[in-house]
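Asks: Sequence order for the protein chains is B and H.
The number in this note's numbering is simply the position in the first sequence, starting from 1, with 5 added.
The number in this note's numbering is simply the position in the second sequence, starting from 1, with 5 added.
You may find that some hints are simply not true.
Identical chains share a label here; the pair holds if one copy fits it or two copies do between them.
As the list claims (entries may be wrong) - The list that follows gives simulated cross-link-like pairs (lysine to aspartate or glutamate, DMTMM-like), each with its CA atoms no further than 25 Å apart:
(1) Lys170 - Glu397
(2) Lys96 - Glu56
(3) Lys170 - Glu333
(4) Lys26 - Asp53
(5) Lys334 - Glu22
(6) Lys377 - Glu146
(7) Lys25 - Glu297
(8) Lys377 - Glu297
(9) Lys115 - Asp239
Hints listed in this document are in silico derivations from the structure and should not be mistaken for laboratory results.
Number of protein chains: 2
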Amino acid sequence: MSLIVMKFGGTSVGDVERIKKAAEKVVSEIQQGHKVAVVVSAMAGVTDRLEGYCSTMASQTDYSEHDAVVSAGEQVTAGLMALALQRHGYKARSWQGWQLGLHTDAFYGKARIKDIQASALRQRLEWGEVAVVAGFQGVNEEDRITTLGRGGSDTSAVALAVALKADRCDIYTDVDGVFTTDPRIVPQATKMSRVSYEEMLELASLGAKVLQERSVEMAMRFRMPVQVLSTFEDAVGSALPGTLVTEGTLDMEDKVVTGIAYSRNEAQITLVRIADKPGVAAKIFAPLARAEINVDMIVQTASRDDGSTDLSFTIAREDHDRAFSVLEKEKGSIGYTKLLSLKNVAKISLVGIGMRSHAGVAAKMFETLAAKGINILVIETSEINTSVLIAEEYTELALRALHAAYGLGEEDAG
Amino acid sequence: MSLIVMKFGGTSVGDVERIKKAAEKVVSEIQQGHKVAVVVSAMAGVTDRLEGYCSTMASQTDYSEHDAVVSAGEQVTAGLMALALQRHGYKARSWQGWQLGLHTDAFYGKARIKDIQASALRQRLEWGEVAVVAGFQGVNEEDRITTLGRGGSDTSAVALAVALKADRCDIYTDVDGVFTTDPRIVPQATKMSRVSYEEMLELASLGAKVLQERSVEMAMRFRMPVQVLSTFEDAVGSALPGTLVTEGTLDMEDKVVTGIAYSRNEAQITLVRIADKPGVAAKIFAPLARAEINVDMIVQTASRDDGSTDLSFTIAREDHDRAFSVLEKEKGSIGYTKLLSLKNVAKISLVGIGMRSHAGVAAKMFETLAAKGINILVIETSEINTSVLIAEEYTELALRALHAAYGLGEEDAG
Numbered sequence: 006m007s008l009i010v011m012k013f014g015g016t017s018v019g020d021v022e023r024i025k026k027a028a029e030k031v032v033s034e035i036q037q038g039h040k041v042a043v044v045v046s047a048m049a050g051v052t053d054r055l056e057g058y059c060s061t062m063a064s065q066t067d068y069s070e071h072d073a074v075v076s077a078g079e080q081v082t083a084g085l086m087a088l089a090l091q092r093h094g095y096k097a098r099s100w101q102g103w104q105l106g107l108h109t110d111a112f113y114g115k116a117r118i119k120d121i122q123a124s125a126l127r128q129r130l131e132w133g134e135v136a137v138v139a140g141f142q143g144v145n146e147e148d149r150i151t152t153l154g155r156g157g158s159d160t161s162a163v164a165l166a167v168a169l170k171a172d173r174c175d176i177y178t179d180v181d182g183v184f185t186t187d188p189r190i191v192p193q194a195t196k197m198s199r200v201s202y203e204e205m206l207e208l209a210s211l212g213a214k215v216l217q218e219r220s221v222e223m224a225m226r227f228r229m230p231v232q233v234l235s236t237f238e239d240a241v242g243s244a245l246p247g248t249l250v251t252e253g254t255l256d257m258e259d260k261v262v263t264g265i266a267y268s269r270n271e272a273q274i275t276l277v278r279i280a281d282k283p284g285v286a287a288k289i290f291a292p293l294a295r296a297e298i299n300v301d302m303i304v305q306t307a308s309r310d311d312g313s314t315d316l317s318f319t320i321a322r323e324d325h326d327r328a329f330s331v332l333e334k335e336k337g338s339i340g341y342t343k344l345l346s347l348k349n350v351a352k353i354s355l356v357g358i359g360m361r362s363h364a365g366v367a368a369k370m371f372e373t374l375a376a377k378g379i380n381i382l383v384i385e386t387s388e389i390n391t392s393v394l395i396a397e398e399y400t401e402l403a404l405r406a407l408h409a410a411y412g413l414g415e416e417d418a419g
Numbered sequence: 006m007s008l009i010v011m012k013f014g015g016t017s018v019g020d021v022e023r024i025k026k027a028a029e030k031v032v033s034e035i036q037q038g039h040k041v042a043v044v045v046s047a048m049a050g051v052t053d054r055l056e057g058y059c060s061t062m063a064s065q066t067d068y069s070e071h072d073a074v075v076s077a078g079e080q081v082t083a084g085l086m087a088l089a090l091q092r093h094g095y096k097a098r099s100w101q102g103w104q105l106g107l108h109t110d111a112f113y114g115k116a117r118i119k120d121i122q123a124s125a126l127r128q129r130l131e132w133g134e135v136a137v138v139a140g141f142q143g144v145n146e147e148d149r150i151t152t153l154g155r156g157g158s159d160t161s162a163v164a165l166a167v168a169l170k171a172d173r174c175d176i177y178t179d180v181d182g183v184f185t186t187d188p189r190i191v192p193q194a195t196k197m198s199r200v201s202y203e204e205m206l207e208l209a210s211l212g213a214k215v216l217q218e219r220s221v222e223m224a225m226r227f228r229m230p231v232q233v234l235s236t237f238e239d240a241v242g243s244a245l246p247g248t249l250v251t252e253g254t255l256d257m258e259d260k261v262v263t264g265i266a267y268s269r270n271e272a273q274i275t276l277v278r279i280a281d282k283p284g285v286a287a288k289i290f291a292p293l294a295r296a297e298i299n300v301d302m303i304v305q306t307a308s309r310d311d312g313s314t315d316l317s318f319t320i321a322r323e324d325h326d327r328a329f330s331v332l333e334k335e336k337g338s339i340g341y342t343k344l345l346s347l348k349n350v351a352k353i354s355l356v357g358i359g360m361r362s363h364a365g366v367a368a369k370m371f372e373t374l375a376a377k378g379i380n381i382l383v384i385e386t387s388e389i390n391t392s393v394l395i396a397e398e399y400t401e402l403a404l405r406a407l408h409a410a411y412g413l414g415e416e417d418a419g
């Protein structure tokens, strides 16, 4: 007998009928002899509506109140799921973050889990009760409600699985698993049967929205097997293979590239002719950090004879205008001749733990893109990822060319 | 400087704009130098929607989950109201029942308040913060969420006012106050400026839906002045006279009748020829109680020569069919010859503390109704109320005739 945490996302519990369907999946696992703790998101659209109320109410949102408001969505789903399970004759009860003792720090809106006091819940699981936990929410030291950021229910689920020493954490979502790349763009994309924590973490941070990044970090840290699978298939996690996120193994390294992520939501700003000396970078990036603008890829050209250089960086497209005006205000302090910007750029990232032991990944990427006439604006590499910035209009072409070049989708890529 | 509890009902916080308007009323009281704790209901329609989800989910609702689900409505309004107050530059924070320490018994769906640990909230009021409390909800000994029944936010407000030793509890609603009778039926009805706790309690229990009955009981027990007033007038409680529910005074007793309540939602069942001997009533009412059917007016005719008698009682109309079939099943045990029912009857009740010291109230009522050709089916009197059951179609006629006969609405009836 295993202990499984089953997490259902917003579309999986999108309305009352879908909650009933999800409850049937839980019943199916129980009937196979497993103990189950369920984690639920808010019904699809509810969090957006509640966030809309908050932003209408105040220009400067107090995130402690924001969290009190938006956590109500998960509270409702948890109670409804418990009722749906009772229909099938099972004992079930809902647990809010504060009831469970899911303690977080005080960073409202993006709180991090500190610990989970799961002993009461575990005791009730032993007695045969099904636990239904409201995802996304916790409580801080002051007994106030916190939320874990968008996608935070994934992290709730993994953290609960860790606290309960569960055998597996199944994340039910509206896709079949993790794909080699976006199948809406590349029809040849295939579902991976397995992916390593490290790769999944890169994919999540690079724009693949299947799992919240923090949930993968936590799974990796505690070596909790996580399975991503479709809520709209009839079978359940113990029978239906989704994508298992797990420890990297030697055979995984045979493949150089496991998956390709992309983000179209990028913009680039270039500062022309800044002084190539210590301290200039701080003058650029400190005011951007104060404005809470996240900077991603940074590249600096070789110094000119006059000691000047150009510096480019990328940011999320919605931050472009703010970043631009921050830099304009700092012109005197930074000392550049002009600002250039590219608002329509995309980032394409190859990910694979095989890169550690294989050379030439970047070279093949450049060749492939060059053959299609795609210009590379910026290159960035890390141990298991190679990313390029290109004009956004080439996104689909680049994805398809790279997917084919690395032999993805030809067979199971796990 | 006073400490005032301001409670806003569902229509008063019906949408984001109305919450902003209600916040302006709070600001107005603060600017007059008062400390304020606010109690809010769910936005209009939200509780109904959440209850609808629950009943779709399960035929036998587990009320502990029902309460977890429906309490989410007040949670949302409380957070939004705190945000709305912050817009005006005030410190404000929301309090859920469990955060406040509003402890109740374990009767989910209809829990009763046991105590409120208001010391933390009071401390913050002293520091100049505005408290916004989610009405309708509390927490029981097991740390599970309970709700106080329909209209329960009134009781939350009065209980909080008592716990905080507030100077007054203002209940903002969609009417101007408590009227001598329903002004939709009797245009001459006027708002009372004052009404005694005892009278208000009778009016509330007899179908006047302005305040939840328990809130009046609690206000009476702790002698907390409660003011009912309109949320849609510009002025606020410290300036706008609504209806003050307060101690009865001698001058109030000059009026025999203060208000007239009615309930159209009545049905009557008569058991013909039951044995007029001890134990028969128990055989009738025990099975009805087991079926959770509330019986109201009971009347038994004088015994016939053969020792048989007829017994009639009234119930809420929606319970009629269930009550009828309960009694059919018990026919053998009770021993009646047949069951008669009247499904369209209404109860009209005169209320006034002056009845204690004035005779002839009932006689005048009967004369007035007789003059209009209205037949009285049942009469029931208590110390400060005289009620009759009549055919429902005469409701408006009876209300208008009685309102005029007792001189209500001619001047301030307080």
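Asks: Look at each hint and say if it fits the structure.
Replies: Okay, the hints, checked on the actual structure:
With identical chains, the CA atoms of lysine 170 and glutamate 397 are never at most 25 Å apart, being 44 Å at best within one copy and 64 Å at best between copies. In this assembly of identical chains, lysine 96 and glutamate 56 lie within 25 Å of each other by CA distance solely across copies; the values are 21 Å between and 33 Å within a copy. Taking CA atoms no more than 25 Å apart as the test, lysine 170 paired with glutamate 333 passes in neither setting, with 52 Å inside one copy and 57 Å between copies. In this homomeric assembly, lysine 26 and aspartate 53 come within 25 Å of each other (Cα to Cα) both inside a single copy, at 23 Å, and across copies, at 23 Å.
For the homomeric pair lysine 334 and glutamate 22, neither the shortest alpha-carbon distance inside one copy (54 Å) nor that between copies (37 Å) is at most 25 Å. Neither within a single protomer nor between protomers do lysine 377 and glutamate 146 lie at most 25 Å apart by alpha-carbon distance, with minima of 56 Å and 68 Å respectively. Taking CA atoms no more than 25 Å apart as the test, lysine 25 paired with glutamate 297 passes in neither setting, with 41 Å inside one copy and 29 Å between copies. In the homo-oligomer, the alpha carbons of lysine 377 and glutamate 297 never lie at most 25 Å apart, since the shortest distance is 37 Å inside one protomer and 77 Å across protomers.
In the homo-oligomer, the alpha carbons of lysine 115 and aspartate 239 never lie at most 25 Å apart, since the shortest distance is 34 Å inside one protomer and 40 Å across protomers.
The structure fails hints 1, 3, 5, 6, 7, 8 and 9 (numbered hints given earlier, in ascending order).
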